[in-house]
Amino acid sequence: MKRSLLSLLLLAICLPALAAGPLRVEGRVLEAGSGEPVPGAAVQLDDNYLWAVTAEDGTFALIGAEKGSYVLSVSCLGYNTVKQKLTLAESVKDLTVTLSLSSLALDEVVVTAETSKDNINTTQTIGRTALDHLQMNSMGGIAALLPGGKTINPDLTTDNSFSLRSSGSTAGNAAFSTAVEVNGVRMGGNANFGGMSGTGTRSITVDNIESVEVITGVPSAEYGDLGSGMVKVTTRKGRTPLSIVGSVNPRTYEFSVSKGFEVGEGVVNLSAEWARATSKLTSPYTSYTRRGFTADYTRTFAKTLRLEAGINGNIGGMNSKNDPDAYSNEYTTERDNLLTPHVKLTWLLNRSWVTNVSFEGSVYYHDNRSHFHGYNSYASVQPSVHAEQKGYWMADALPLTFYSDRITDSKELDFSARLKYDWLHHWGSVKNTFKAGLQWKADGNVGRGEWYEDPSLAANGYRPRPYTDYPFMHTFAAFAEDNINIPIGATTLNLMAGLRWENAFINGSPYSNLSILSPRLNAKWAVSEAFSIRGGWGIAGKLPSFYILYPRQEYRDIQTFGYTHGESTSYIYYTMPYSMVYNPELRWQRNRNSEVGIDVSALGIKMSLVGFYNVTEGPYEYGTVYEPFSYNVTGTPEGYTMPSEPEVVVDNQTGTVYFRAADGYFAPGALKVTDRTFAASRRQENGADVHRYGVELTIDFPEIKPIDTQVRIDASWNHSHFS
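Quick note, in numbering that gives the first Met the number 0, the sequence shown goes up one by one and the last residue is 722.
Please note that a few of the clues may not be correct.
[Claimed, not checked] BS3-like, lysine-lysine: derived pairs with alpha carbons at most 30 Å apart:
no., residue 1, residue 2
1, K389, K82
2, K320, K279
3, K320, K82
4, K605, K704
[What the hints assert, rightly or not] FRET-style restraints, in silico, Cβ to Cβ:
no., residue 1, residue 2, range
5, D650, T676, 15 to 23 Å
6, S246, G148, 18 to 26 Å
7, G148, D56, 37 to 45 Å
8, I698, P323, 51 to 59 Å
9, D131, I487, 37 to 45 Å
10, G245, D468, 55 to 63 Å
11, S514, G34, 56 to 64 Å
Just so you know, the hints here were simulated from the structure itself, not pulled from any lab data.
Owing to the predicted nature of the structure, the values given are computational and were not obtained by experimental measurement.
Note that CB positions come from ideal geometry on N, CA and C, so glycine has one too.
All chains should be modelled from the sequences, with the hints used to inform the complete structure.
Pasting the structure below:
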């Protein structure tokens, strides 16, 4: 199978390259109704072929097109995107495209997730008007627009994550393997030590989003480090009028402002958003605040080099510090700061062997610092053991009542760079698109880690954990994919085959060379304009998170001596660090995804029915390995009278305890018994496979003209089991 895929991809790129086409497509983009030119509109022939940006008078020119059939796409912020089929046998001049304003006040708007009939896999696209209609304050709300999706109570105090085609939080859960990208920046999660619950979304601003693309089918080989699907968020870029938006519900206040304007020969789009949500109406002090911002700059040089650069971010967090109802002055604060600078360069070469070359670079920085100020009260003196070495140690004593401050400082820092090659070519009526690329990514955490502000007040058994001790995880990937459209009589067959290779390098880790090969296939047969059948199969690998790669060092503390003398108590503990057991058979968690669907259009009714079967193979989890060890328990010697305030010391190796009065000699304790027990050491493992299968249905009925209403029915059913 792998050899066949490689042969297909090599054949596509090695076929003789012919000269770039001599045809031109020239035209003008106007605003519907007023007839005014629309400057700054993006004009494209297919997604990966020729492109141009309209001038001040709305004109554009696509130069060097080949003969064949294309989809001409014209889009601009504030307008509804227009897509139309265009067959080129000769140059086209004076083509006029009209764009209508995008507004909920229009006679016809789309307020649901759309499934394009041109997609080869299952992909839902959610536009700005649908997002405005939903009035969401968190990205998690878009789940309501997907087939069978449920409306959730808007609550920024809970950090929801996406879980496509499944739910739950067990090993192999879909949320952990659902990728989220904002303007091409992969939202982190691999460098998170807290668990495998998925990528949080509440720090993403929502009012400046232009569109959301949800891929639940077999994804392109261009995308890696995922399993269940992908959510791609695109913010507004280009010129836009001043927009001021405010919204209120019983527990959330939100306000935003945005504007896109020209700066020299480029365009800047700026936005700022403030939102505050409380967890309870009865206690408005426990709240989450989001102060989001975006800044994007776009410019085209010499009509062939397009620059897109920007930065998204958030300054916010949870806070219950000022709550007067908090018990005993306890509180929790959590910092949630986000910064994602990114840049993309696209070079339109349009040669016989290349169409576009692009470079993308990005940084993801998530500063998440939590502080818990807690009250502690005990009826008697409690021991506190914090030794980090094997042996016998004197325990500290905690006060009877005190406040302690526990800090967890996580700073995820990811770097990414990608170089991509696109080539589109026609052989008569056959259209072929090929793309290939290289990608490097580094995931790390530069936070201070976990500690107590006053180490002497740390809880019994607690040890500090600096995150900077753990090395970055580097991933190198290469991909190639071919997409071919073949007319067969009155029908069209679309085939897409891709291959992706990924390898993880971790300096100093026994798991320093994990790799995976991911073939992916999609096919679609358009029998007519009204009926098509499609299917896909593919493998996608998910990198392990730092929660799996770098487990917490655990310890077992066993009391071997204890004695109360006067107002003091002496405790001796034997500390046994648990070892992490290397598993040479550990492999990437991977998803084997497959789906079959039909798309039907008749009598004004559009229906999409998709059945899927996904298997998560070898989900990451921890196993337990028991290792025996022994320790000595010490008591006072027979007939020995303990001084009222003795000095107590212990031999760290043997566990022998010595007692001494103020002016006396050290007296050794007596060995009572040598006990044997087990240490439960952990090791990383691949768990039982998770099988998920289900059906998704969407039916759109014709518009009811008298009331300007269209009815949609959508539903989904899915089931999961382990094997």
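Within 18 to 26 Å or not, the Cβ separation of S246 and G148? Because 21 Å falls inside the window, the suggested range holds.
Does 56 to 64 Å hold as the CB distance between S514 and G34, or does it fail? Given a distance of about 58 Å, which is inside 56 to 64 Å, the answer is holds.
Taking 30 Å as the top limit, are the C-alpha atoms of K320 and K82 close enough? violated (53 Å)
Would the hint linking K389 and K82 be met if the CA-CA limit is 30 Å? Roughly 69 Å separates the two Cα atoms, so the pair is violated.
Restraint check for K320 with K279, where alpha carbons must lie at most 30 Å apart: Roughly 15 Å between the alpha carbons, so the hint for K320 and K279 holds.
Are I698 and P323 spaced within 51 to 59 Å by their CB atoms? Between I698 and P323, where Cβ atoms are some 53 Å apart, the hint holds.
Falls inside 55 to 63 Å, the C-beta gap from G245 to D468? violated (46 Å)
Does K704 sit within 30 Å of K605, going by the straight-line distance between their CA atoms? This hinted pair holds, its Cα atoms lying about 17 Å apart.
Regarding D131 and I487, is the given constraint of 37 to 45 Å on their beta-carbon distance met? This hint holds: roughly 42 Å between Cβ atoms.
Hint says 37 to 45 Å; check whether the CB-CB distance for G148 and D56 agrees. Given a distance of about 43 Å, which is inside 37 to 45 Å, the answer is holds.
Is it true that D650 and T676 lie within 15 to 23 Å of each other by Cβ? holds (21 Å)
The earlier numbered hints that this structure contradicts are 1, 3 and 10.
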